[in-house]
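A.B. asks: Given next are the chains, with one letter for each unit.
Number of protein chains: 2
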Amino acid sequence: MSQRVVIIGAVALGPKAACRFKRLEPDSEVIMIDENAIISYGGCGIPYYVSGDVSDAKALQSTTFHMVRDEAFFREAKGIDVRTRSRALSIDPRARQVLIHDLESNHEYLLSYDKLVLSTGSRPRILPLPGVDLPGVYAISGMEEAIRLKEQISRGGVEKAVVVGAGLIGLEMAEALTDLWGIETCIVEIASQVLPGFISPDMARMVHNVLEDNGITLYTSEQVEKISGSARVQKVITDKRELDADLVVLAAGVVPNSRLALEAGLEVSPQGAVVVDRQMRTSDEHIFAGGDCVQIENLVTGKPGYYPMGSMANRQGRVIGTNLAGGEDEFPGAVGSFVVKIFDHAAAGTGLSPESARRQGFEVFSAYVAQFDKSHFYPEKDLLYLELVVEQNTGRILGLQGLSTGGDSLKGRIDAVAAILASKPTTMDLSNLEVCYSPPFGSAMDALNNLGHVAENILKGRNRGIGPGEFAKLWQDRDKRDVAFMDCRGEDNAGPLVEKYPEKWKNVQTETLDKNLHLVPGAETIVLVCNNGGRSYEAQLKLAGKGITNTLNAHGGMALLKKWGVDI
Amino acid sequence: MSQRVVIIGAVALGPKAACRFKRLEPDSEVIMIDENAIISYGGCGIPYYVSGDVSDAKALQSTTFHMVRDEAFFREAKGIDVRTRSRALSIDPRARQVLIHDLESNHEYLLSYDKLVLSTGSRPRILPLPGVDLPGVYAISGMEEAIRLKEQISRGGVEKAVVVGAGLIGLEMAEALTDLWGIETCIVEIASQVLPGFISPDMARMVHNVLEDNGITLYTSEQVEKISGSARVQKVITDKRELDADLVVLAAGVVPNSRLALEAGLEVSPQGAVVVDRQMRTSDEHIFAGGDCVQIENLVTGKPGYYPMGSMANRQGRVIGTNLAGGEDEFPGAVGSFVVKIFDHAAAGTGLSPESARRQGFEVFSAYVAQFDKSHFYPEKDLLYLELVVEQNTGRILGLQGLSTGGDSLKGRIDAVAAILASKPTTMDLSNLEVCYSPPFGSAMDALNNLGHVAENILKGRNRGIGPGEFAKLWQDRDKRDVAFMDCRGEDNAGPLVEKYPEKWKNVQTETLDKNLHLVPGAETIVLVCNNGGRSYEAQLKLAGKGITNTLNAHGGMALLKKWGVDI
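In order, the protein sequence lines correspond to chains E and V. For the first sequence, the positions run 790 to 1357 when the numbering used here is used. For the second sequence, the positions run 790 to 1357 when the numbering used here is used.
Treat the hints with care, since some could be wrong.
[To be verified] Using 27 Å as the maximum straight-line C-alpha spacing, the simulated DSS-like pairs for lysine-lysine come out as follows:
| hint | chain 1 | residue 1 | chain 2 | residue 2 |
| --- | --- | --- | --- | --- |
| 1 | V | K1170 | E | K847 |
| 2 | V | K1213 | E | K1092 |
| 3 | V | K1351 | V | K1269 |
In case anyone wonders, no lab produced these hints; they're calculated from the structure.
Using the sequences and the hints, build the whole thing.
C.D. replies: Put into structure tokens, the structure is as follows:
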């Protein structure tokens, strides 16, 4: 049974679905159309192309064996008829036809199909601002715009850049401009933090510090009102200031390209994403869709989610390819994992952030761990700063986010939790999670296990504490409040702080606490501090045993507070 | 309800259980005894102490905040009565008493308990060989012996060493001796491969190559018969040769210390491991046991397994600590994950190796992937060599093992699969596994996803192939058999091999195969080769479409064959 499959969109999902299908049904016909000239490229690599880490744009379009995936490649190597510079104008689901506009010949024609695949992707959200059309303003809608952007930088004359939006792409683009090109770059973000929706305000603060340490200026809670310039962009005007700019990158998120689907009468969500079932079928049984244009199930909440990620598109593309050939593969959904390089650091996460969990109606708390990725006695190691999002009462784990200079180590921890997140794990599952161990690669009690322990102790009411943001607030207000800070470490660590803040900072070491109960400060609130929150937790238990319960444990300890940037 | 808990063994599980219990029940009494003087150390760190990576033995015994965990520490900081140099002679479960021998005072006394914890650990398997007692022969039964070993090396005069056993500890010790001390080291292993039971013969061959590249000589399938010397060790005599040795390390595995349990009438397995339930209780409800002296459930097979690992002991110790205090925590079992540093490489795995799966009655096949841990266009990256163990017919994933210079990346992949292994995942689960992605940390289609794809294609009969060992055999016998090798890559890669082996090595590139069918060799068996097994799979499908089905795909391609060391 030979069939004709038409695929609209030839960047990530389209080519994957096309190739998989052709391998399974070599005698069937596949026509893939795309309105652009450059196709089948790794869009996620664009920031690394801009930065110069990847020198040639062709590298993003090449196979692992260095063949460029252009029209000729698909035709000759894959037997797929790719038509670039061809725009799909409309779909007639009843007649099973697509109306195509050939942009080169300016000619329109109808293409009939047995099955259709929508891989129309997404487009950058363009803010309705005066000046967005000025030369020098880019939204990185695709490879061609990225090439123009890099050409502009390469010609020189770009000294200052403004990135609008501090999401994943915004941060990657800001690093690309700063790191290798040395462009003075700032980011303007309307939300009160970087990576809004991905990480908590506390984690965001740490990422913020890393960005600033690397020369990027951040303006959060700030709105761009206008982009100005005469022949080209010269300024970005926000509600708070004017910023000089030779270059502006708009990275305010993406929106699904679902106009075709909507006009064809397919089910589209109120947010504009194409609705598909687990087999990636739209509401029309002959039409599949996937990638940046669809919504899929969030496997943590059970509700629809939107995950415009190249990896999703690739995996879904394979499922579609199989199902085009009569298969019944399923793509159940996503838990929402991400990782982003931020200079020498990585930030990564999976599942829900505390704020997104609350928005979904969960009552949650955070557990923090600051721990080395290797055994503490092993010479080479990096600190992992992790925040676990846990549901109150049930102890169900809803998400995990982190920051580290050990990017691969961090990613590994996130991926292990992502793998089980859909099965509703609890703190006990994390406490016992079996990660492979030897001292050059981990601790006998891994940071993930310790996260489970901390979370369980919080859940059981034994470990009562505060995150770094709350600590910073207490610290700032220390003279206005009846609060004391009790350093549970040894004199070598605590001494300098006791000397600096004799009124507020006291040293009662956990290990000798029983003998030194008379030294415990008599304030209304006692904040317990150590290096990572473990010794201070132990002090909290010891004090509770003596009836002293007005204590708060500084979760994650000085390691986390320093990374956060508390001014101690 | 205050109780007295006695803990026998104070290395890993004992201290963990003791401290957790004391935090939960501070008013209860804990007495922990150990026959050695040095306690509470990270035994897994011994090879790194011997190598010099960790300079001071005290580091292995220290907390993250650099306090040495000795008797005084446990007494003062934790309220735990630790008695070192004290040997438990026997247990009377009815009277709830332990008979203790104080090795210092040579005095015996009875210690009564409400609850008892056996953390008696394991001891090295001592081969019944003439000469094992000679000075210079070590079995690394604990920290004290490790210190003596390092002292001997530090004094100088150790030029040649023999390690008996190529398991995890054998390899770590061999590296420790070679890498920093420059000792000429060889390993004698009775099995036919390194890491027997952990990885397949093919993976073992790759590890073997890494060891040899780093100056270690390996003698597999070889049995030590005698150790000889006058005042100290001078030679190791095997069934095949005599090896000079100034130092011998016996690393032939460990056996559980279960004599006490057995004599007390507790249930002990035929293999000598203490039997416990999921709450880590022995057959006596007042006695818990964990760590190297117990067996737990293998969560892949459902049968008992033995996992003498520090990480297991730590996690189980916490469960026991909780349950001593009336909790009902569970430790369900293990899937058997490991990671070992081998110079600049890491080998790691989880679940069953192909051979151990077959021994357990599974019918299995292997799927191989050789793929970068990062996007192929990203500059810094390491190759992951992965072998997935899959059950025939069902497609159930039973294990995953790998080798890479990107140790953290490899560990992350292994851990993600380990996390789901107990839930009986299939190839589809792996194909869709959500790992976090951006080009500096992974590929849009991760190596794990591709492993799922390859395994599914093998399962469905589409990808018919051979592993590197089978390839090597065919290659070696190429002149005796009607076999041809078809290189599916471009002329730049295939050309030199075609020139070198004009009779046997042919080049028909996958991408232009349809036009060049007449070039396909006419042998009885055609072995298809490319860089990583992907293009050759595609060639196999194209040929099958033309009725040519006498093909075998070289799984993992040249990347895997080179790592294996096929002589092409």
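A.B. asks: Does each hint fit the structure? Answer for all of them.
C.D. replies: The hints, checked one at a time:
1. V/K1170 <-> E/K847: 19 Å, holds
2. V/K1213 <-> E/K1092: Satisfied, since the Cα-Cα distance of roughly 26 Å is no more than 27 Å.
3. V/K1351 <-> V/K1269: Judged against 27 Å, a Cα distance of about 23 Å means the pair holds.
The structure is consistent with each of the numbered hints, conforming to all of them.
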